[in-house]
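Visitor: Each chain, written out:
There are 2 protein chains.
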Amino acid sequence: MKSKDNNTEKAILQAAEVEFLTKGYDGAKTVAIAERAGVTHAMLHYYYRSKRNLYEKILNDKIEMVIKSFVASFSMPGLDIVQRIKIGMESHFDFIMANPLLPRFIINEVFSKGDNLLIVQMHDKMQRVFEKVQREIDAAVEEGVIRPITVFDLVVDIVSLNVFTFVALPVLGEFATMLYASEKAMLEARKRENVEVIMRRILIDR
Amino acid sequence: MKSKDNNTEKAILQAAEVEFLTKGYDGAKTVAIAERAGVTHAMLHYYYRSKRNLYEKILNDKIEMVIKSFVASFSMPGLDIVQRIKIGMESHFDFIMANPLLPRFIINEVFSKGDNLLIVQMHDKMQRVFEKVQREIDAAVEEGVIRPITVFDLVVDIVSLNVFTFVALPVLGEFATMLYASEKAMLEARKRENVEVIMRRILIDR
DNA sequence: AATTAAATTAACAATCTTGTTAGCAAAGAT
DNA sequence: ATCTTTGCTAACAAGATTGTTAATTTAATT
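Protein chains in written order, with this note's numbering: chain A, 16 to 221; chain B, 16 to 221.
Hints in this document: simulated from the structure, not taken from any laboratory.
A hint or two may mislead.
[Said to hold, decoys possible] Straight-line distance between alpha carbons at most 27 Å, and here's what the computed DSS-like set of lysine-lysine pairs gives:
#1 A:38 with B:72
#2 A:206 with B:147
#3 B:66 with A:128
#4 A:128 with B:206
#5 A:38 with B:206
#6 A:147 with A:83
#7 A:83 with A:199
#8 B:206 with A:101
#9 A:199 with B:206
#10 A:66 with B:38
#11 A:128 with B:199
#12 B:199 with A:140
#13 A:44 with B:147
#14 A:72 with B:77
#15 B:206 with A:147
#16 A:128 with B:147
#17 B:44 with B:72
#18 B:128 with A:77
#19 A:38 with A:199
#20 B:206 with A:44
#21 B:66 with A:199
#22 A:44 with B:199
#23 B:128 with A:66
Take these sequences, add in the hints, and give me the full structure.
Guide: Shown next as structure tokens:
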């Protein structure tokens, strides 16, 4: 085979990522992807058969990335549950900040359809983790450290706060210029606020 | 003119609404809209010139609807700031529950592009309201009723929590069947949780 | 160097999509 | 009753979009 390794194949994948993430499935065009990759659009079919197929490669990639990162964020060992949540939220926020196009992409292509297959798969994977965390929470509640909450509510609260900031970023960015020194400053403030909100939700009044 | 009043015109608008809200601009097809309305797609151009034009009519409608409803939700007269926020959050949540397709639509078509024109317009409109609410908050803080917070943070917190529930509904719905009696039960629980989160964020520890 | 296999391109094909237009039908105006 | 306006349809047109294929180039194999 060519010494040119698998350059084109990767180039197409990367170009497709940008195209799909920014424009969504319907908005993305195969010729635009090929153009961005610097090849004819025939190559796209040569390597990936179809637009749908290429899209699903990227979608699966991103879903795995999101789940892995989320779990990893909240898995700092040697910390108590409260600190893990706090560090985890910051880490989760930072991950989205580093991948600001992900939320909209995932929302549109996973959250929109009742993609039962995927969700059930996800649920099965998470069930054990969720149950373990729930037991930790319940134990901490017993000790009088935190107030009662279900993992479900806690996760939805956290993801709501962290994700929405970036979903709404194009709008919030405008406000940022009026209220903050920079967009980055606004985001740092939002990160703090999100953690504060969750901490006050779970911590016992002192 | 025909006694047939302006039936077709409205039918197209309604069909377009369903189509655009469920599929987004790129996913929506003019022939599909016409079909849904029970007319030829030529009628769509007869009444609305172009797909883009029709789309923008609906987009403007929805944006106005969202803003008006949001302001109205938090404008119950004769209530103190804390109660207004509480009732407002519930009312806001109920509005989205009655229009569950709105969040994704608005997110994709407003929040995605730096639609400066619209945002600046919106900001100018809201500035007075925001300033007034901020003064109320500051006064309540002085009185020791609530903890300091900016209107910006408060609004983002509230919208994050309420909107995300519906953005993620297709996924949360799956979990709902495992954790709750019904999707409706889950949503009622989420509404309570969202209010609880914000209340604990703003209220002074008792 | 000759042969084989893989990568790439240009051209084509089929379908979809938006938009237009000419003509017909129905209603109102004169 | 005739004329005019409006609503509407069918057919068409232009271009976009996805996908295929035959031919060419490039690299690897012998």
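Visitor: Against each hint, give a clear statement of whether it holds in the structure.
Guide: Evaluated hints:
1. A:38 with B:72: 22 Å, holds
2. A:206 with B:147: 26 Å, holds
3. B:66 with A:128: 24 Å, holds
4. A:128 with B:206: Measuring from Cα to Cα gives roughly 23 Å; hence the hint holds.
5. A:38 with B:206: 32 Å, violated
6. A:147 with A:83: It holds: about 17 Å lies between the C-alpha atoms, which stays within 27 Å.
7. A:83 with A:199: Answer holds: residue 83 (chain A) to residue 199 (chain A) is near 25 Å, not above 27 Å.
8. B:206 with A:101: Holds. Residue 206 (chain B) to residue 101 (chain A) sits at ~23 Å (cutoff 27 Å).
9. A:199 with B:206: 31 Å, violated
10. A:66 with B:38: 18 Å, holds
11. A:128 with B:199: 18 Å, holds
12. B:199 with A:140: Roughly 25 Å between the alpha carbons, so the hint for residue 199 (chain B) and residue 140 (chain A) holds.
13. A:44 with B:147: 47 Å, violated
14. A:72 with B:77: 34 Å, violated
15. B:206 with A:147: 26 Å, holds
16. A:128 with B:147: Answer violated: residue 128 (chain A) to residue 147 (chain B) is near 41 Å, above 27 Å.
17. B:44 with B:72: Holds - the C-alpha atoms of residue 72 (chain B) and residue 44 (chain B) are around 16 Å apart, at most 27 Å.
18. B:128 with A:77: 22 Å, holds
19. A:38 with A:199: The given pair, whose Cα atoms are some 24 Å apart, holds under the 27 Å limit.
20. B:206 with A:44: Not OK: residue 206 (chain B) and residue 44 (chain A) at ~40 Å, beyond 27 Å, violated.
21. B:66 with A:199: 37 Å, violated
22. A:44 with B:199: Cα-Cα ~39 Å, so violated.
23. B:128 with A:66: Holds, at about 25 Å.
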